[in-house]
Amino acid sequence: MHRVLLPFEFAEPTTVRGALALIDGEKTRALAGGVDLVLRMRLRQVLPEKVVSLQKLPHLDYVRADDLGLAFGALASLRQLEASRAVREGWPLLAEAIGSIGSVQVKVQGTGVGNLCVGTPASDVAPALYALGARVRLTGLADEREIPIEEFFLDVGKTAVRPHELVTEIVVPRPPAGSGAAFMKLAKTSEDIAKVNVAVMVSVGDGAYADVSIALGSVAPTPLRAVEAESLLRMAPVGEAAGVGNPAGAAAANRVSPALEATGNPVSPGLEAAAQAAAQAAVPISDVRSTASYRKEMVRVLVKDALARATARALAGRSDVQAPGGVS
Amino acid sequence: MRDALDKNPGFDPRSGGTSAPSTTGAPPATSRTIEGEFSCVGKPLPRPDVAAKATGAAVYGADLVLPGMLTGRILTSPYAHAKILSIDTSKAKALAGVAAVITHEDVPKLRFTRSVMAEGLPPFAYEGENQDQFILSDKARYVGDWIAAVAAVDTYTAEKALDLIEVEYEQLPAVFDPEEALKPGSPIIHEGWPGNVAGVIDHPFSRGDLDKALADSDYVVEFRGRNSRQKQAHLEPDVAVARWEPDGRLTVWSPNQNAHLAKKTMAQRILGINEGDIRWITTTVGGGFGARLSFGVEPVAVLLAKITGKPVKVFVTREEDFSGWSSRTEQRQTIRMGVTKGGTITAIEQRILSDAGAYFSHSGTISAVNMQATLGVMRSPVVSGKATIVYTNNPTSSGMRGYGNPEGSFVLQQAIDMAAEKCGMDPLEFRLKNAKGTGEPSMWEPVTLTSCALETCIRLGAERIGWKEKWHGWGASTGAAGPSPGGRYRRGVGMSIMTHASGAGGFLLEHSSAIIKLDEDGSVQLAVSPCEMGQGILGALSQIAAEGMGLRYEDVHVITGDTDVTLFDIGSHASRSTYAIGNAVLDAARQVRATVLERAAGILETSPRALDIRGGSVFVKADPTQTVAVAEIARGAIYDYGLEGRHITATGKHQALTHCPNFQAGFSEIEVDTETGVIKVLKYVVAHDIGRAINPLTVESCLQGGAYQGLGYALTEDLIIDEHTGKVLTDSFATYKMLSALDMPEVEVILVEEPDPSGPYGAKGVGETGITNVAPSIANALYDACRIRIHSLPMTPEKVLAALAAAPQSPDYNGG
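Chains as they are written, first to last, in numbering that gives the first Met the number 0: chain A, 0 to 327; chain B, 0 to 815.
These are calculated hints, taken from the structure and not from any lab test.
The calculated BS3-like cross-link candidates involving lysine-lysine, where the alpha carbons are at most 27 angstroms apart (straight line), are:
1) B:K798 - A:K295
2) B:K92 - B:K309
3) B:K108 - B:K82
4) B:K309 - B:K108
5) B:K679 - A:K295
6) B:K211 - B:K432
Use the sequences and the hints to build the structure in full.
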């Protein structure tokens, strides 16, 4: 066990091109917020010979929204995203997911892109972006490419980022009218990494689900879309979902923990079947945070709850995601 | 909140305790000032230690830099059980900047126990403290065991040197389960202790024929339970600095909780030198919670400093601290209890299997205290207790806040509820009926209780949690919106009671002393020997001193943490400091007061009895316009050019004849999500029998902090140890999960003040206690909500779901 970091070369380029030239392979690591990297370096889980800080790169900390969508740069902090009025109003699912991260200090230091580049399936940001159909923009020395976020995560700790390449931007399309979404998570404490997290987005029209996306975190080597579950619900009539028209349910609709949500209304059989199908898609492990069997079972519960909540929000036509503490 | 005072008819909080419902008749002689009003005691005054801590000016061990100081680091074992075949230190020694590399071959050949608190035991009891380790081990007994150490010019070099030490191990079969460890054929961890039995303790107050009593009981309930290895998680990781002085003496700086006993252990058990050759200085302590009742890295620092001839600072990382030598001891316990149909306890039996881990440390004393507290709170004609302490290849355990009580209470308090259910009694009434009261034997006989406000604690706590409205009887499941058998979210209420000692009078070496000097400006220097580890003891002692002398709080300056200056004391633990040291301070303060009055009487031309002191001013009671300042008297005493010159000083002492037990009731209201298994604590109420709150803000903070730690103990905190390798998997705050502010429920604290005749101004202890009632009250609330009982801590959602799946789901299921 060690307290000190091993020596490494440290560079702070001021242009993206300059950074790309330095990021040359396995022995080099890019540092945005450093939340994950510095800890791993002290624990000697990663031993980079060179660390390239992105913190001096200009103009990469933007969060921009227009009619088409949301775009944020590689240096936009989690706190910036969470506090952004545009994100809260247009992409409340993303705000809700980041809001579930308990530590404000971590959110100020950590970036949204960095959170994804760790490659952990337990990311809270990733499932929200999966459900929202986000795309990842990668900039290389010669060209740029944009891939769906589902192609970005390859395995635990492995992403699609190549040598001499940086994730410079995340692009998120605007959710369709009539949609509602919900993020839910179970963790040991408010500041712990998820045992299981779930992000769903539904669009409702003419009494039926026009579209459904269900993303799962912490239950497979990468975040995951529950495709089977989605197809079960697509075009299905919107049943009597829990929380619909229930004031207690509406009041509780923004809480990360479902613990106080009243459940006066029965969950429709369709949601239950979809939730079970989602649980089937999960291939979790047992570790210090939870057991595989609990995680699998909780996928069912959280998907069911999140679908009910998202449906209620779609029908109510609002998301109610409030500004985090300290942000007006 | 102290409104207990107002809700308790017949007790006037402003009376100085004279109308307390004390059965001893005599009012506490120490607790009166003029007109029964206090000027310092009972006030939420700011603590003297907080400004430095809040501004960063406080000097912790890690901040300490001495000229020429080296950095020491320790090489730990990667294996849980292994022979050391060879250690090659040549490469490490050859590294530039390395001053020393030491192994088991370089350490004194005296075996010792880490528990320095054990030095307070009487000799016959100390014999049971296994002397089972060297500073660096000749055999690895757990992952994290200390194998070698390095001193170098800086941390980087020291750690590089650690990487260069080559150790050849031969792995041995290891055992991590205490029940497995007892089986024939299990790997032997210490040659001197066959069968891995580290010790067996029979409860000294066992009495009566247990089998007969149980056979004659109308009902017998049995509950088995096991606590987690909670970590003290002090914010400051362990550190020590040692320097051998030119005159041959040794100075040690460390955050140890018992400086004088640490000095004795180091001198007598490790180095074989005289106590007077050691000066022990307590640095600012970043939290103790019992971890610092043992040696941390001090012995390594002392040895490296001796070998190099330079001052050496040794520290550990958070990961090493988690994988080391201090956590709550895991105890597997069974309680059997016999009761009559009418709800009278006829017998209580407790059996403990205690996992010491690799070395003995506190595992014996903690088992003894567990039985005292667990078997000592309820009245029972027949009592039987026995603890078996086992060595395993787990990390060494130690004392932790509550010291056996949170372990035992988790099991006992659930058994009490089961017994109440058998009798069809409200568990609150059952406890009131069977709990001990004033005049009855305490947890350590033959001491009897001189005060006990448990009944008031129970009644006030019940009122605050809404027991009458919320406890619906056995078999009535409650939904979120009131009684309803089904439903996903179920609410429940539960309670727990406890007793704990205020110090160890009657069984440990238990006397305290205090020195007061009255300086020429009327301020005083108070030299005392507690360990200020965040609990606010220096403030409380200053308040007692100021009150006792009639001075202002700000006139008192405290000196502590230097064994060359302070008088012998066994340090801070067992909720003892306010009680024991507070009495010594009061004794000294009264002597100073008497001296001042005598000199003032000469000046004011009256008798000392006609005078009083307040706010630093002596005045004639009959005519308060006639005054003389204490400063004038103090200055006159020092600058006396005649024959009466002196520096007014006094040494006060306290010899504890009793451990003055305190009592407490805790109540939890919870809501359980039966689909996720998540327990949400809605409210926790704790009512504590404090005797007198010297500083109510400090006492309330202490109980709030205890509730916080208790909630973590109940719900999330646990050292998870890999069952194959013995490695601690939760070795950082990223994996060992403590609650944050976001996770805290409303906690309500009620201070019940019924002064005890033996305490300073009637005060009793509190420090250990706040943690104890939380987990059992949640466990009992869980049964109220869902008819399930969890047998191990923490009560995770995974365990709740498993218990729900296994439980009969009939809403009128009656337990049993």
